[in-house]
Amino acid sequence: GAVVSQHPSWVICKSGTSVKIECRSLDFQATTMFWYRQFPKQSLMLMATSNEGSKATYEQGVEKDKFLINHASLTLSTLTVTSAHPEDSSFYICSAPRTLNTEAFFGQGTRLTVV
Amino acid sequence: KQEVTQIPAALSVPEGENLVLNCSFTDSAIYNLQWFRQDPGKGLTSLLLIQSSQREQTSGRLNASLDKSSGRSTLYIAASQPGDSATYLCASGDSSYKLIFGSGTRLLVRP
Numbered sequence: 001g002a003v004v005s006q007h008p009s010w011v012i013c014k015s016g017t018s019v020k021i022e023c024r025s026l027d028f029q030a031t032t033m034f035w036y037r038q039f040p041k042q043s044l045m046l047m048a049t050s051n052e053g054s055k056a057t058y059e060q061g062v063e064k065d066k067f068l069i070n071h072a073s074l075t076l077s078t079l080t081v082t083s084a085h086p087e088d089s090s091f092y093i094c095s096a097p098r099t100l101n102t103e104a105f106f107g108q109g110t111r112l113t114v115v
Numbered sequence: 001k002q003e004v005t006q007i008p009a010a011l012s013v014p015e016g017e018n019l020v021l022n023c024s025f026t027d028s029a030i031y032n033l034q035w036f037r038q039d040p041g042k043g044l045t046s047l048l049l050i051q052s053s054q055r056e057q058t059s060g061r062l063n064a065s066l067d068k069s070s071g072r073s074t075l076y077i078a079a080s081q082p083g084d085s086a087t088y089l090c091a092s093g094d095s096s097y098k099l100i101f102g103s104g105t106r107l108l109v110r111p
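Top to bottom, those sequences are chains Y and A.
Numbering-wise (this note's numbering), the first sequence opens with residue 1 and increments by one.
Numbering-wise (this note's numbering), the second sequence opens with residue 1 and increments by one.
Where hints are given, some of them may not hold.
Straight-line distance between alpha carbons at most 20 angstroms, and here's what the computed EDC-like set of lysine to aspartate or glutamate pairs gives [claimed, not checked]:
1) LYS68/A to GLU103/Y
2) LYS1/A to GLU59/Y
3) LYS98/A to GLU63/Y
4) LYS41/Y to ASP39/A
5) LYS98/A to GLU103/Y
Not everything, but these chain A residues come out facing chain Y in the computed CB check (under 10 angstroms) [claimed, not checked]:
6) ASN32
7) PHE36
8) GLN38
9) THR45
10) LEU49
11) LEU89
12) GLY93
13) SER96
14) SER103
For the record, the hints were derived by calculation from the structure and aren't laboratory data.
For glycine and all other residues, C-beta sits at the position ideal for the given N, C-alpha and C.
Just chain A, with the same shape it has in the complex (with noise of 0.2 angstroms):
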């Protein structure tokens, strides 16, 4: 059964700041990896999806990288902003469509 584990659990950094969240799976076979971003009290925005056969992908600021082979991804964030603040889901996907999601990574960037 697939587990997503992703650290930090928290995170708070000052304005500027380069930063990485990382999440793990246990089993290598997916089918894509997903980022998403969750602001208090709402749904899911999709922010990065890398397919099983590509390595990274990047949107803007955003830059997610993918290692099957270790059951491995990063989000990394360049040059952080307080509207950053919002917690960072990761999550693996199967070949029926269904996420298996990380617990999360809270972050807050400081003015």
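Isolated chain Y, as found in the complex (with noise of 0.2 angstroms):
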């Protein structure tokens, strides 16, 4: 089963509106989780680091301002895409490693479509 899971699967909102993305990891616990991001046809970028109880770290050319990151809990880190364009339609998906050199775990993914 699912060891990551990522809430909505797809979302749909209209220009200029906030939306958030939760992440949670759902049998261990995770002091650090990742976000990325990946355009059609194209792969996953990373976006940033989450991680609990501290400021996330925003890889070069991601706006920490516009996407805010919350890993409040050893369990939950939540994106939020704030005043969404239509540029930021894309798919969302989070990434939870149990320890160094053990699989990394995925969510769903999340379909943002910005109208």
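Two chains, two frames, a set of hints: combine them into the complex.
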């Protein structure tokens, strides 16, 4: 069964609104989670590292004020896309590793469409 | 900065063929190399993980090899089936758990 759960699986929102995506580790504690973005027919690109109890670390070119990440507990990280625009439409997916050198577990992904 | 490349970008084969997917990476200082499967519009399924100290891993009809010195990994799929049709992604893992993905190989296995 899934060990990382992501919700919602898809969302359509109006331009200018905010959308929150949740990522939960189901049977283990994850002090670190990762958020990736995938545009159509492209690969996954790391957006940010979510750290429990501290600020997220963003990759170069990712706007931290636009993509708000909160990792308030050892099993939950949230990504909020603020003031969404059509160019933010993408597939967002989270990942949580159990330990180094073990497989990475991914959520089911969230298809965001901004109209 | 690590860069991961996959070739071919797309592959179409008849059912039953054995096939090889290629992955190359520029920085050999990796902690592990993972292969994933992604079905259209879906998340990722982990297929195989090769630690930096290992040379290969096997799971059923899948075999993945790793040559750190040459910066290459291959995924071998034996006796391909239509259900194997998907996009296959390789990703290098570093000491901070981050994964750098290749652009993927879209595989179509024709009945």
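Against the structure, the hints:
no. : hint                : in the structure
1   : LYS68/A to GLU103/Y : 18 angstroms, holds
2   : LYS1/A to GLU59/Y   : 12 angstroms, holds
3   : LYS98/A to GLU63/Y  : 19 angstroms, holds
4   : LYS41/Y to ASP39/A  : 12 angstroms, holds
5   : LYS98/A to GLU103/Y : 12 angstroms, holds
6   : ASN32               : 6 angstroms, holds
7   : PHE36               : 8 angstroms, holds
8   : GLN38               : 9 angstroms, holds
9   : THR45               : 8 angstroms, holds
10  : LEU49               : 5 angstroms, holds
11  : LEU89               : 7 angstroms, holds
12  : GLY93               : 7 angstroms, holds
13  : SER96               : 7 angstroms, holds
14  : SER103              : 4 angstroms, holds
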